[in-house]
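Participant: Full structure from sequences and hints, please.
As you go down the protein sequences, you meet chains A and B in turn.
In this text, residue positions in the first sequence follow my numbering: the first is 1, and each later residue adds one.
In this text, residue positions in the second sequence follow my numbering: the first is 265, and each later residue adds one.
FYI, nobody ran anything at the bench for these hints, they're computed from the structure.
Predicted model, so just to flag it, every value in this text is computed and none were measured.
Among the hints, a few may not be true.
[Claimed, not checked] Straight line, CA to CA, 30 Å or less: simulated DSS-like cross-link-like pairs of lysine-lysine:
id : chain 1 : residue 1 : chain 2 : residue 2
1  : A       : Lys136    : A       : Lys101
2  : B       : Lys597    : A       : Lys155
3  : A       : Lys64     : B       : Lys379
4  : B       : Lys296    : B       : Lys505
5  : B       : Lys274    : A       : Lys101
6  : A       : Lys6      : A       : Lys197
7  : B       : Lys275    : A       : Lys136
8  : A       : Lys101    : B       : Lys275
[As the list claims (entries may be wrong)] A few chain A residues that face chain B, going by a derived Cβ cut-off under 8 Å, partial list only:
id : residue
9  : Thr30
10 : Asn60
11 : Ser91
12 : Arg102
13 : Leu110
14 : Thr117
15 : Leu128
16 : Lys130
All residues carry an ideal CB built from backbone N, CA and C; glycine is no exception.
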Amino acid sequence: MAYERKFKIGKPILEVNNISLAFGGVKAITDTSFNVLEHEVRAIIGPNGAGKSSMLNCINGIYKPQQGTVSFRGQVVPNITPNIMAQMGLSRTFQNLALFKRMSVLDNILVGRKLHTKTNFLEVALQLPKVKKEEKLNRERSEEIISFLEIEDIKDTPVGKLPYGLQKKVELGRALATDSSIILLDEPMAGMNVEEKRDMCRFILKVNDELGTTMVLIEHDMGVVMDISDRVVVLDYGKVIGDGTPDEIMANQKVIDAYLGVEH
Amino acid sequence: MKPIFMTYTKKDLINLAVCMVLSVLIIPTFIKTEYWYTSILIPWLCLALATIGQQIVMGYTGQLALGAAGFMAAGAFAMFNLILRVPDLGFVGSLIVSGLIAAAFGILFGLPSLKVRGIYLMVATLASQFFIIWMIDKFGWFKNYDSSGIITAQDIVILGKPFTTPLAMYFVCLAVTTILTLLAMNMARGSTGRNWMAVRDMDIAAESMGVSLLRTKVQAFAISAFYCGVAGALFAFCYLKSLEPVAFDIKLSFKILFMCILGGLGTINGAFIGAAFILLFPVLLNAIGNNVFHGAIDATIISSIEQVIFGLLMIIFMIYEPLGMAKLWENLKQSMKSKLSSSGIKGVKSPVFKK
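Facilitator: Given below as structure tokens:
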């Protein structure tokens, strides 16, 4: 690439080792391993039902895989729950939007500041000075994210009333508010038009570039994936069939077969 | 609307000032009938406080709980025993400790919320209602081995001064309710309330943001039970002036649930509106029965009509305005405002009378 990256791609921050996940008799993921390097944009692609979202849910601790481990910064995380992963610095968005529908955009993003909120309910009830200070800092950071995502004009609107594309932006904002070192994006551009997609790509790259946040994203639009990601892993029927740079993936015969179908 | 004092806007402060002037100055100067204090204002404040408790767990945290009256009973009997056995605590101290005792029950009966949700949780929380009442009935110690079944509540004495007149009791209830309402508002608008609502709206996402479901749910149950406990103590000492477990039966729990839903889930002012409506509506029906029909309608029929109308209203609100009366009030204010401002603009731009 022509330009110099502020955050050079470093060591593996997240490693998935031999994960297998089955729902009853249905195998969603079979013995899958790959890694994510610090500061990179990593895409997970694959046909429908390939186990991409299940993979993210395993990394994040929503699903408990029957086999395999997830390592964060070289350490195996023993008892993965979404909460523990959040505390370690991993945030995410969801495929089918998991926003707090009755809360405003600002409040949604403020929930993302939860781990930077140390005051307890009693202190909040009494509005002690340190609560005000903390709330002010959190609000400032949230406003920063809101203006970064260019959604200032809707910040007091309940998110349930917003169109889909904007909701996706808010969800990215909420993930950003956690100041996590790695963010998992589950189909951040699904259902968006070309313009919205371009915006979203810009935000993802900008975050990665300016904050050095590692991005892991699931996406169906091949053009987008090949454009913005550093490395791509391809899943099909719960197995890794390709792993490498976009150019390598495009030349990979197995990947081409999986996407275009092959005569047997 | 820029917040001046934390999350409070200028409008909020004006509202608070208006409420305070109304309740501290205007009501005591103009209302002299004891009936209003003993039968309407005092129970209204107590039940509104309990409804705030119900709001915290149900409206804000989204946990369907049905056992507010059980926690109220716990608070009331804790208060009785504390004043009886630990007189040094004083009235205010006993009130706080009885709230905490109710909160302990809240934690205990809130634990099922980690595993079950929705209507199943409602059934599980009913256990609190029946267990607490059963416990008080079963063990004579709680009632100081009183054989009559109804115990007279002790007189309220704060700092050596007795508060026995209806007006004085009204002020006690008002002070406690005001303080606890402000604290509830602070929590609801601050980070605590955001965690509650995050759990209510999408628990998986909340957890992924680092909100602990265990802590948040149990915390909500504990705070809710604290409010119900304090409300129960005030209800027994200022309104009933007696203690009997039957007063805190499941009907009262349902009443508080209705107040919560009709008032508007997830609003603090809805608690007051809902409580006022449910308390005043029967009074209004009785007045209509007596004055319009001159007693031609039997009192039992009136109370049946009351149930029918409540049921209908619940259905109507659930379908058309799930956010309840607080939302209706908000909409009314909005439309008034826009009418005023639009008529103002018209007046400037075009002649007032067009032919």
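Participant: Is it true that the CA of lysine 597 of chain B sits at most 30 Å from the CA of lysine 155 of chain A?
Facilitator: holds (22 Å)
Participant: Hinted pair, alpha-carbon criterion (30 Å max): lysine 101 of chain A, lysine 275 of chain B. Please report holds or violated.
Facilitator: Satisfied, since the Cα-Cα distance of roughly 25 Å is no more than 30 Å.
Participant: For the pair supplied as a hint, lysine 6 of chain A and lysine 197 of chain A, is the alpha-carbon distance within the 30 Å limit?
Facilitator: holds (24 Å)
Participant: Given a cut of 8 Å on the nearest C-beta pair, is the interface hint for arginine 102 of chain A held or broken against chain B?
Facilitator: holds (6 Å)
Participant: Please check whether asparagine 60 of chain A passes as an interface residue: C-beta within 8 Å of a C-beta belonging to chain B.
Facilitator: holds (6 Å)
Participant: When you check the alpha-carbon spacing of lysine 64 of chain A and lysine 379 of chain B, does it fall within 30 Å?
Facilitator: holds (17 Å)
Participant: Please work out if lysine 274 of chain B and lysine 101 of chain A have their alpha carbons no farther apart than 30 Å.
Facilitator: holds (27 Å)
Participant: Verify the interface restraint on lysine 130 of chain A: the C-beta must sit less than 8 Å from at least one C-beta of chain B.
Facilitator: violated (12 Å)
Participant: Closer than 8 Å between Cβ atoms is the bar; does leucine 128 of chain A clear it against chain B? Give me holds or violated.
Facilitator: violated (10 Å)
Participant: Would you check the hint for lysine 275 of chain B and lysine 136 of chain A, treating anything up to 30 Å between C-alpha atoms as holding?
Facilitator: holds (20 Å)
Participant: Double-check serine 91 of chain A for me: the hint is only fine if its C-beta lies closer than 8 Å to a C-beta in chain B.
Facilitator: Hint holds; serine 91 of chain A Cβ to chain B Cβ min 7 Å, cut 8 Å.
Participant: So if I understand the rule, the pair passes when the alpha-carbon distance is 30 Å or less; does lysine 296 of chain B with lysine 505 of chain B pass?
Facilitator: With a Cα-Cα distance of about 21 Å, the restraint between lysine 296 of chain B and lysine 505 of chain B holds, given a limit of 30 Å.
Of the numbered hints given earlier, the model fails hints 9, 15, 16; all others are met.
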